[in-house]
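Protein chains in written order, with our numbering: chain C, 3 to 427; chain Y, 3 to 427; chain D, 3 to 427; chain B, 3 to 427.
Source of the hints: derived by calculation from the structure; they are not laboratory data.
Treat the hints with care, as some may be off.
One copy or any two copies: either way a pair holds, since identical chains are not told apart in the list.
For lysine-lysine, the following BS3-like pairs were computed, each having C-alpha atoms within a straight-line distance of at most 25 Å [to be verified]: (1) K410 x K153; (2) K328 x K403; (3) K403 x K4; (4) K4 x K281; (5) K153 x K281; (6) K403 x K28; (7) K320 x K28; (8) K4 x K314; (9) K26 x K4; (10) K153 x K229.
Protein chains: 4
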Amino acid sequence: MKIFEQHESNVRSYIRDFPTVFAKAKGYRLWDEQGREYIDFFAGAGALNYGHNPDRIMEPLVDYIRRDGIVHSLDMATSAKAAFIEGFQDIILAPRDMPHKLLFPGPTGTNAVESAIKIARIATGRSSIICFTNAFHGMTLGSLALTGNAKKREGAGTRLDGALRMPFDGYLGANIDTLDYFARTLEDNGSGVDLPAAVIVETLQGEGGLNVASTAWLQRLEAICRKHEIILIVDDIQAGCGRTGTFFSFEPAGLDPDIVCLSKSISGSGLPMALTLLKPHLDCFCPGQHNGTFRGNNYAFVTATEALRYWKDNAFEKSINAKAAKVTGCLVELVDRHPPLQGIVAGRGLMQGIKVGVEGLAGEICQHAFRLGLLMETSGADSEVVKVMPPLVIEDVGLEKGLSILAKATAAALGRRRSGVRHVA
Amino acid sequence: MKIFEQHESNVRSYIRDFPTVFAKAKGYRLWDEQGREYIDFFAGAGALNYGHNPDRIMEPLVDYIRRDGIVHSLDMATSAKAAFIEGFQDIILAPRDMPHKLLFPGPTGTNAVESAIKIARIATGRSSIICFTNAFHGMTLGSLALTGNAKKREGAGTRLDGALRMPFDGYLGANIDTLDYFARTLEDNGSGVDLPAAVIVETLQGEGGLNVASTAWLQRLEAICRKHEIILIVDDIQAGCGRTGTFFSFEPAGLDPDIVCLSKSISGSGLPMALTLLKPHLDCFCPGQHNGTFRGNNYAFVTATEALRYWKDNAFEKSINAKAAKVTGCLVELVDRHPPLQGIVAGRGLMQGIKVGVEGLAGEICQHAFRLGLLMETSGADSEVVKVMPPLVIEDVGLEKGLSILAKATAAALGRRRSGVRHVA
Amino acid sequence: MKIFEQHESNVRSYIRDFPTVFAKAKGYRLWDEQGREYIDFFAGAGALNYGHNPDRIMEPLVDYIRRDGIVHSLDMATSAKAAFIEGFQDIILAPRDMPHKLLFPGPTGTNAVESAIKIARIATGRSSIICFTNAFHGMTLGSLALTGNAKKREGAGTRLDGALRMPFDGYLGANIDTLDYFARTLEDNGSGVDLPAAVIVETLQGEGGLNVASTAWLQRLEAICRKHEIILIVDDIQAGCGRTGTFFSFEPAGLDPDIVCLSKSISGSGLPMALTLLKPHLDCFCPGQHNGTFRGNNYAFVTATEALRYWKDNAFEKSINAKAAKVTGCLVELVDRHPPLQGIVAGRGLMQGIKVGVEGLAGEICQHAFRLGLLMETSGADSEVVKVMPPLVIEDVGLEKGLSILAKATAAALGRRRSGVRHVA
Amino acid sequence: MKIFEQHESNVRSYIRDFPTVFAKAKGYRLWDEQGREYIDFFAGAGALNYGHNPDRIMEPLVDYIRRDGIVHSLDMATSAKAAFIEGFQDIILAPRDMPHKLLFPGPTGTNAVESAIKIARIATGRSSIICFTNAFHGMTLGSLALTGNAKKREGAGTRLDGALRMPFDGYLGANIDTLDYFARTLEDNGSGVDLPAAVIVETLQGEGGLNVASTAWLQRLEAICRKHEIILIVDDIQAGCGRTGTFFSFEPAGLDPDIVCLSKSISGSGLPMALTLLKPHLDCFCPGQHNGTFRGNNYAFVTATEALRYWKDNAFEKSINAKAAKVTGCLVELVDRHPPLQGIVAGRGLMQGIKVGVEGLAGEICQHAFRLGLLMETSGADSEVVKVMPPLVIEDVGLEKGLSILAKATAAALGRRRSGVRHVA
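Isolated chain C (complex conformation) (with noise of 0.2 Å):
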């Protein structure tokens, strides 16, 4: 741990929450250079869907190498690129009739984003992104604008311009549609909202706080998108590839988004791979005008390739909404058991968590869950949100150790708060 204190920055997180080094992980299994072993409920913040070293997946990857497979190829045609091109088109797009064209940005979530927003200011000519409370959408500088934590804000060191933020469903309080705000605006002429380029929503806002937004909403969001000839796109950056339930998080409230950001697990391995898809009639760059060195991680296509067969029937689908239902009981249970914990259960899939009422103790369960043998993370702009997130392949036993862990973690952090004492040694 000491060449990280001496070497790294300081901007360094997950490694204070996690303090020991990892060394291997299967599944949904880590373990740390002692040999100790950890479940794995944080999924590389959703990048790892798949878990940890799928043979499945890593077989053909090493295959790969040993052949000499090209490694890294740009925007240049490869093998490994075409098989995945042709896999997620007859897999993933076409039985949802989805007539998206595919675009590889950088292999980062942010670089998707970034990528998408370009498109629909050169598309449209207009300027202003709509975003809403509480999204998360990136660290580069045009993300960051859209992003709302105000501490990563801060460390633009500048004024973000270019974004326009408007209340997420549910910000309001239960009996206010959040969208009769936005909706008024466009209609009127006075408002000093300006007809944005597109509006970038997340279906479910992981590091927001698991705040879902309903189906009545999205498309109603998705109606105002239509009328007024603004651009909709979805980050499913970290709600997608399945982990709410279905491949897009969009599919249950039947949005048909003009440009989708995929990345995170998108290449089934944790490898760095981004995608963003677009109608067709918004590929409007110019051959290189958005361009980066890694968008041609072939490795990643590799593994992407492999992970796509998961959705080629629904079984996978199925999988996960049963394990997610028994996350919800098992959190529902758990909320009820210890009301000290002003505990709301929120999320849906296998992207679920509590939100936790009392300032600081979502962090201290998490603490004591890492002690305890198990990866946790919070999220929301307080970090008052315990996330549970598994990998969506995690077997009933793990998922059921885990969970268990969680309960005595639970317990744990509201005794020590009963007792006065805070902090883990």
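Put chains Y, D and B on the given structure of chain C with help from the hints.
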């Protein structure tokens, strides 16, 4: 190829220059699906300095995968990351007396640049960043504001703010020290050039057309920064990692930059990775204030660690310089032999090329080269430079063969021009 | 009229509504070159609260000119300026316990607003300014960013940054307290609404359509500002100087704004003048840091000093309120009499009018009024409000005559509508 | 004076240089409340070209007031405005073959500039405006972005965007044509200097330190603008209205600017007024798209119309040039006589002065001059220029007397310096 045409975005670019599907690669050679062999004078735009699939780098990676090594770790501690930090500290930083801390941004060059300018702004409380004509720093909004290329800037679809352009070395001819203007504006309270947070500079502009900053100019730039307490950022993403003959491109000039951006070949394998080096007093992000899902690409750490071995002594540097001399000689001869080229040899190290004075001709030379089995790209705002950028590890036989194809391609393109035909069938 | 059509820019506007050449004016009346008389319910858009050419104000001006009094003095000291400052301090500020200092910006409302937001930004080190839907704050770039009107915003020809829009009182219907959203965003670290430098508000939106902020809403707004140390700016340019019945429009709500912007009627004569009032701790410009050639318009100081006499006791306030009551009664009756108007009486003091529910009808009423010898303008984003804004000094006979013309014009416009003709010959 | 210190904002500035209360003025002279007389070499920073209270201009104004002429008219038609437009067309535009239309912005120079850049942006659809080192264009946000002075820019309290700075003529010494840089960036697709909407230039920088653009430089600038279809804006607010010897300062260079900004002396009396001249194809605002309460200052129209008479023949021009020659001779002699001044005579017409090479000395000279009964101000980013700017109508006796006081003040300031005392008691 149809798959790409039908389903991939129009933004795809290199695929148009190299219209074949590549299947495998080794060292300085690639093969397409038809088994055709190509010599690589492109090197992944500088991401493949150590060649394709070098055994000494890839075998440890396969071992790592076989051991179920961690793939993805955000900024958690892993054994693979620790080994890289230790190696980088011992082999690169310590021998050069560089006290810099390592910040791992998202695994792309633009992310390294974005992290650098954010830090410069929060550290100084100032907003503007000085950048240079024909600079290339990336495609996300913060980096794009610093980038010179008009077409790429238009891709933003909105006003790009926060950058202040200055003329690069040589921009106004040999007799004008372009820093006079910058220096004067800083001394003059009425200049309208606000004291900037930082200067960002490439010592050798790769995308901008192989423009070399002289040692004297770089040293004066550093002195100006010191005098006015401006942070000096070297973007060494393309010119670093040995490309110009030393690990950092600024070593011959003896610069001591406050921040260094690395990416491209830092992973040693073509896998996505980026690294921002900060002087300790600039290590001012809060934990998590700049984050990103793929900061912990452990496969890249594994291969990067292996690649560091090339720098344990100066044998590698010597070999690069020997090859560079060979390239220079060959290019000079080529230019001399073909006055209609109106060619000027440009660049240094293994990042050289010919600025071609005839519009469109550089591209035609590269097209001919491709037909003859050599991958080369152009650079410069008008694609006017033929760029010779082989893997640093290329064997003499490969280098000579490539240079000989270049000579043939040049003659062929000139011949076509004389006979009035421009496009390669 | 030809001279204007041939040589003046298309941007000319009121000349289209009032297509005649005016030659002289007195009190509440104007005469055109043909000697036609007009009653003034427009009052120079609020710049002529004391009527045209009031003897008690203009005679001292003629004396001043005859004595070769200083005309133009930048921010040098003059006798005329001293007299104004003294009078303003004694008659306006001291009795209201206002400790504010006087800053004289350029002699336009927009300049007062620009000075206010500059001060708010340098005083707080923060950038964003909260402004409201349907706000109007001026046409220079800083003020325009705060202004709501879409057409006027488009006039900028570039992205307008630095403003953050919030819904004005009543924007979302009677049952929604629109400040809930603003308040929530400030408490929420993930809201994406950065802590602003200032809030700028009109207590009664003149250009925006006579929208009245309630006392409760204004007081809550002030409380929010205090809690979060946000500077509260009241733009009292149109609603101030007695227009709503008290010198400052915020007096009934008991607000204590940090900065107040005044212009329009502050000079008492229609001569250009503006004034920014600052709490002493916000007096943070360096000498000369905000300047402008016409800050020292001494003719305006002379007439402004005379106008202050109206405020030495409360007789003037009483008379305004009596007239306002008469206007209200008359408008309510008019609305009740003509259900097809779909009218709602809006505003307060002598800044009232009718929000007309039929598209285009408000403008037609004003056209008819002009033909009948009454000057009135519309306001609102869609020119949907008929605005009654006579000089505050109007005699009863003039007020009644004007209101009677308004009644006729309304009937005439409705009659035309019924008969299918819309445009006045 | 106490009234000002107690109640006026710290931003007050000239009052600090000229610490007395002025009471009346006539021609080239002012008197303070103690009856002390001052010769005016300041002329309201260029707003009083026709002197103080000229009978031929003010008497028609008094007549106008006595006739109850319209004071304030926004952009309605008035007899006074018609007369001005007609006179300006006949006396100024027609003889110079200028097809420009007249736009009346708010009555301040900065408003003329704001209207000009808005038009340039909407006409071209481009955002950036080229401006020059040491430019001064005003204090509202759009104009301030174009202004060079660091202290004034800091007053914005936020990032200033949309301007692109280029070196003014002579900025890099006599042997460098500073337009080489601008021209090169426009030819170079990689320069990072986006094609601008407009160039805004002062032919003689008043606030910036009396820097004169040569005829050759101005003509080349115009040619560059024509070639690249960039709008050429001349800000003639200080240098126009005869200040340099011709009505427009750009007449000797034969420029044909697309937009001209006028203010300061355009009203002829020191009353607030501004005027933007547009080529007809740039007359692209919608009605009301740029507005402002005080666009129709009829007193200014009345006096402006009278002032136009000076330009009916070339006698006035001749007299200005004769006086200018006298000033030049005198300044050259002064500089020659006092080598420790390290003085350089700068400027042209009746906008001349001495660039003083000793820090702080220019200000000391002006302080001494004030004590001796002469008003003069400094200019330049470091207040390093003593500026001689009498009313154009000054009689020879006044000019000589003023120059003689300047000579004494210079000697006195140098004497103090030699004896080690810097501040005037």
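Status of the hints after comparison with the structure:
1. Neither within a single protomer nor between protomers do K410 and K153 lie at most 25 Å apart by alpha-carbon distance, with minima of 31 Å and 58 Å respectively.
2. For the identical chains of this complex, K328 and K403 are intra-copy neighbours only, at 12 Å inside a copy versus 64 Å across copies, given an alpha-carbon limit of 25 Å.
3. In this assembly of identical chains, the alpha carbons of K403 and K4 never lie at most 25 Å apart, being 32 Å within a copy and 49 Å across copies at closest.
4. Proximity of K4 to K281 under the C-alpha cut-off of 25 Å is restricted to the inter-copy arrangement: shortest distance 19 Å between copies versus 49 Å within a copy.
5. Taking the closest pair of Cα atoms, K153 and K281 come within 25 Å of each other only across two copies (22 Å); inside a single copy the shortest separation is 34 Å, beyond that limit.
6. For the homomeric pair K403 and K28, the shortest alpha-carbon distance inside one copy (16 Å) is at most 25 Å, but the shortest distance between copies (46 Å) is not.
7. When the C-alpha separation of K320 and K28 is checked against a cutoff of 25 Å, the pair qualifies only within one copy, where the shortest distance is 23 Å, while the shortest distance between copies is 43 Å.
8. Taking the shortest Cα distances, K4 and K314 sit within 25 Å of each other only across copies (23 Å), while inside one copy they are farther apart (46 Å).
9. Taking identical chains as interchangeable, the C-alpha atoms of K26 and K4 lie at most 25 Å apart only when both belong to the same chain, with a minimum of 20 Å there against 40 Å between chains.
10. Within a single copy, K153 and K229 get their C-alpha atoms only as close as 35 Å, which misses the 25 Å cut-off; across copies the closest is 20 Å, which meets it.
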